Structure formats: C-alpha cells, structure tokens
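Each protein sequence line maps, in turn, to chains F and Y. 1 is the number of the first residue of the first sequence in this note's numbering; add one for each residue after it. 1001 is the number of the first residue of the second sequence in this note's numbering; add one for each residue after it.
Simulated from the structure, these hints should not be mistaken for lab results. Hints are supplied without guarantee of correctness; some may be wrong.
[Stated by the list, open to error] Pairs of lysine to any residue, SDA-like flavour, derived with a Cα cap of 20 Å: (1) F:Lys52 - Y:Asp1171; (2) F:Lys96 - Y:Ser1203; (3) F:Lys111 - F:Ser126; (4) Y:Lys1309 - Y:Ile1326; (5) Y:Lys1010 - Y:Ser1343; (6) F:Lys69 - Y:Gly1246; (7) Y:Lys1234 - Y:Glu1251; (8) Y:Lys1014 - F:Ser41; (9) F:Lys103 - Y:Asn1243; (10) Y:Lys1309 - F:Pro87; (11) F:Lys96 - Y:Thr1389; (12) F:Lys103 - Y:Ser1002; (13) F:Lys68 - F:Arg100; (14) Y:Lys1014 - F:Ala128; (15) Y:Lys1182 - Y:Glu1167; (16) Y:Lys1234 - F:Ser41; (17) F:Lys69 - F:Gly49; (18) F:Lys74 - Y:Asp1344; (19) F:Lys52 - Y:Lys1182.
[Said to hold, decoys possible] Residues from chain F that keep clear of chain Y, each with C-beta distances beyond 12 Å, as calculated: (20) Thr23; (21) Gln81; (22) Leu82; (23) Glu108; (24) Asn146; (25) Leu162; (26) Leu173; (27) Asp210; (28) Thr217; (29) Leu218.
Please read all numbers here as calculations on a predicted model, not as lab measurements. Virtual Cβ for every residue (Gly too), placed ideally from N, Cα, C.
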Amino acid sequence: MLQAEHISFSYQKKQVLRDVSFTAKEGDFIGIIGKNGCGKSTLLSVLAGVRKPASGSVLFQGTPLYSKKSDPAKLVGYVPQLNPLLPELSVRDNLKLWLRDTKAVSAEETKALYQKMGLTDYLSVSVAKLSEGMKKRVSIASVLQNQPKILILDEPSATLDLPCKEVIHEQLLSFTKNGGIVLFTTHEEAEFSLCTTLSVLKEGILQNVDKSADNKTLIQQF
Amino acid sequence: MSVLFFLQLKRALKALPRIIAGAVIPLFLAGMAVFLAQNHYSKQTGTSVSPVALVNHDSETYLNLILPMVTQMEAASNFSFTEMEEEEAMTALDEGRVCAVLVFPKEMFAGILDSTNIPARLYLPGGDSFPSLLIGKFAEAGSLTLGSAQAGIYASTDLYYTYGISEHLSDIYYDINTVNLKYALSRESAFSAKSTTALGDFSLLEYYGCTLFVCLLLFLGAGMGSFLGTPAPKTFSEQLRRNGMGAFSLELSLFVPLVLFYLIFVFVLSGIASVLLPAISFSGVSVLYLICTALCFAAYTQLIYSFTKNTGRGLLLLLFLGLFMIVVGGGFLPYAFLPNICSDLTPFLPLSACLAGFRRFAGGVVTMKDCLILLAHTMFLFGALAVLTALRRKEVRS
C-alpha cells in the first residue's frame, strides 16, 4: 500500500501542493487531472522522490519510501514527461543504462518485455531516429524492466498516436493486474476509463472526482 | 556506474567526427591568420624588393667598378637598382614606380679623391614610406663607409709623403684607391641585420605554431559542444539521482571521455610538433606537462558547458574566454607589444598558462613548475564545477 501523507511543496513563495494525502492499494490505477501548471508534474516528482517536499511523507507498506537507507528506485518506477534517454545511443544502450540489477532480472524476462513493448526490432536503432511514441515506449520499458511495485507516469500518452497509446495502455493494465500501482497524469478523456480512481489537483489540493462525470462537470471542478 | 561511464565514452566517440569538424574550420581560419601575419611580417622586414633608380653622370672607371659592388651588397638586397636617365628617373619617382632616385654627379669620384667632395643626391618621395626611409638610411650608411675609405686613402697618401717615398705614389695610386674602397665596401658589418625579435628564441612559425596548438585544443573544445552542450534532458540527471548516481557521477562520466580525447589530441599534436621542433623531447616532465594540459583543457571545457547548459552559449563563452586568455598569454601579439599586466596575469589564467607552458615545452625547457601550475588550474576548474553542480543539486531538490 502506498500512502502520501500531508505533502506540501512550494516554488519559492508559490505554494504548489497543500497538504496532499491519498492512499493507493495494489492494483490501483490512479489518474490525476488538472489545469496546465496546477502542479501535477510536481506532485508526481515528489512522489517519485525527485523533489523533496516541504512537509509530509510518502510511505510504502508503512515505511517511509524516501529515507537515507531506502532504495526507492527499486520500488518506484518513474517515467517523466521528457524522456530521460540519450539520443545518440541505441535503444539497447539506453535500456542497459537504466537496468538496475542484471542478476535480479533474467534475460528472458527483459526479452519478453521488449517484445511486448514492440521494441525488439529497434534495439540497435539510435534513439534520435525514433518517433515520440517509440521513445515513450523505451522510457516505459526502461522502468518496467526493473520490475517495480509502483509506476509513476507523467502524461505518458501525450502526443502519441492511437496504436502507440494502445500498446502503452495494455502494458499499464497488465502491470496493475499483477498487483502493481499506477499513478499518472493525463489530459486524455479516453484514459479516464482506465482509472480506478480519478483525482483533480486544484490550487494545490487533491480531490477525488467521479470519473464517469461528463466533461462539463469535470471542467467545473478544475 | 561503470555502465554510465562506458556509455558516455561511446557517446563521445559518436560525437568525434563533429568534434574534429568543429575544430577544422576555425583551424583553417587560424592558419590563414598566421599565414597573413607571416606575410605581413616579411614585408615589414623588407624581404620584398623596392625599386631604386640610379642616375650616373660620372664616367669614372672606378665608379663603374664600385657601383656593382654597392648594388650587389647583402645590405642592399632589399632594393633593385636600375640605371636610368635623370629625367626618366624623376618621372618614375613621381609616378611611384621607384621609391628613390640616387644621382651620382659628374666628377663625384674625383671629388672623393681630392677632397672637394661633390655630393651624390638622393631624391625621396614625400611621406614616410618604409622603403624610402630605408634607402635614406642605406645612403647615409654608404656615405659613412665611403668616408672611411676616403680617410684610408688620405692616410696612405700621407704615409708615403711622411716616409719620403712619394715618388712611388703615382705608380700605386690606383691600387690604394681600389683596395681602400674594396675593404670599406666589404665591411658589411656596418649594415648587417641584427635580428632583435619579440618572439624570443622562436621563429615566427614556431611561435605561432605554439599558439595554433592551444587554439586547436580550444577549437576541439568548441566541437565538444555537440557532446557536452546538449546533455540529456534534466529528467536524465533526475533519473540518475534516483538510481543512486548523483550529479557528480554524471559530471565525472563526462569528464573521463573528455580527458581521454584531449590526451589523444595533445599527444598526437605534440608528436607532429616534435618533427618540426627538434628541441621537443618526451621526457618524464614533458609527458607530465602534456597530461596536465589535457586535464586543464578538459576541466575548462566542461566547466563552461556545464555553466551555460547550452551549446550556443557555451560555444560563445568558451571561445570568448579562451581567445581572451590566449591574447593575454601573448598568443597573437608577443608580450613586447602588450601591457605588462598581460605577462603578470599569464600564470593565473589557465589557457594563458597552457600557452606559456607549451612554448617552454617546444623549447625543450618545460619544468615541473609548469606542470604544477596547470594542475592547480585543473583543480580549481574542477572544484568550480563541483561547486556549481552542488548548487544546482540543492536548487533542484528544494
């Protein structure tokens, strides 16, 4: 179980997150929506341990996720909005770079993952030559190959074409089916149906919304 | 961590063609500048030939004998003498076809011998053109030489009278004149070119070769912008940090291939230089100096690109600061033409110190002090890089 407790974060004088708390259990698929610049990416980066909150903590199975002794990257896979890839290098090299423990994951497992993500034919291709959709697949695969328990994705399907979105959605659903937790931000209405919980971030406060509500109702809550 | 180092090296190798290409164009321009400087320098030292019109109204045999001796002297090699009629010569002077007209009047030679001294006339154009000033000085020196010859002739004649053997004078008068003039004119030491140069013990090419070496390393750094100036997005370093590799590891992973590249370039270029400069030796201190040069350049290049975080801005700052330091180090104009503060500042500026050190390396007199200066610069630059990285890390985390 993942718990975010009373998280606050400010950029100098501007408070972006105010006392954000929520709980996610295994198999949850949590979508976070909100206006551009409302702090969705900041919230994810705090949950991923990239930024340190002014107050509050993130717990996994009751223990703080980001303490000096912990190894959060092992439990939490984070896919930021901008792909953290080295464009001059091949897909294989980039995946190799983010593979944390070669002993913990078998070659067959990684091979199967690359196959599922449709990367097998692109392993030798330089990332610079890939489409945005393929780059996103590589980013997600680079995280999934470490078999995390929690997956945090910042607008994973933005600017992608439909087949690409389809592949990514399949992988994320499969991840939650196997007991993983997915937290992601989105502006895509079609992705609301994937979520078990849909939350809106407004003025730094996170509130759950009815995912089946129509657009007008949702916009009013923005 | 080792995967990151290996992949950064691979990335750097992929950028190698762009790094070399980035250095070739400025190198070509620098080469052109040196060529032009050399050409300019050659003109100033008078290796180009200036035409002088010679008008001879004296039919004296001696003069006809002496004139070729004068015009073929080494000191006169910057001038081409052409015999002309006076009117034609003056027209040529007016039209700028000759830089001077030298007129020997009638009976001039006889005048030298009997001390009536009918002077030769030298016509120069208005203004202070360099060849005209030079021929003026040349004529002045010539008159002094002839004066000494004249004195010799008179002294010989007086001696004949003093010892009562003047009856023999008419028999050997011709020989006295010829021998005295011959010795006077061959005393070219009066005109010999004493080379005083602001370039020290180096020739022009050697001096600017050292500058070119440092410039080439600087331009290679500019080419490295394709590798350093466009690092992976910010999310890359964030992910690295999440995976237990901090910003320092990232900087170090960039520094290592950079040092390797610079080491290769520094040793290859020094190898080429050693063919042209026999004083270069690859002793322990020399090799240490070259390693320190590679370290210093790598730290300088990385600090600049890390500071600007942008290829264009990095390139501009790298070249601006780099060329400034090369200028201060006397890379383009020797110290003799620069304010004293430049030579005082040289040890304190990394690239100026590199240049000064390479000159000593090229002269075979590089010392441990040169190595230590560069090592201190490297440590300072890398320290500044570490501080910058730490400040940025703090900024991102908060």
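Of the hints given before, which are not true for this structure? Hints 1, 2, 4, 5, 8, 11, 15, 18, 19, 21, 22 and 24 contradicted; others consistent.
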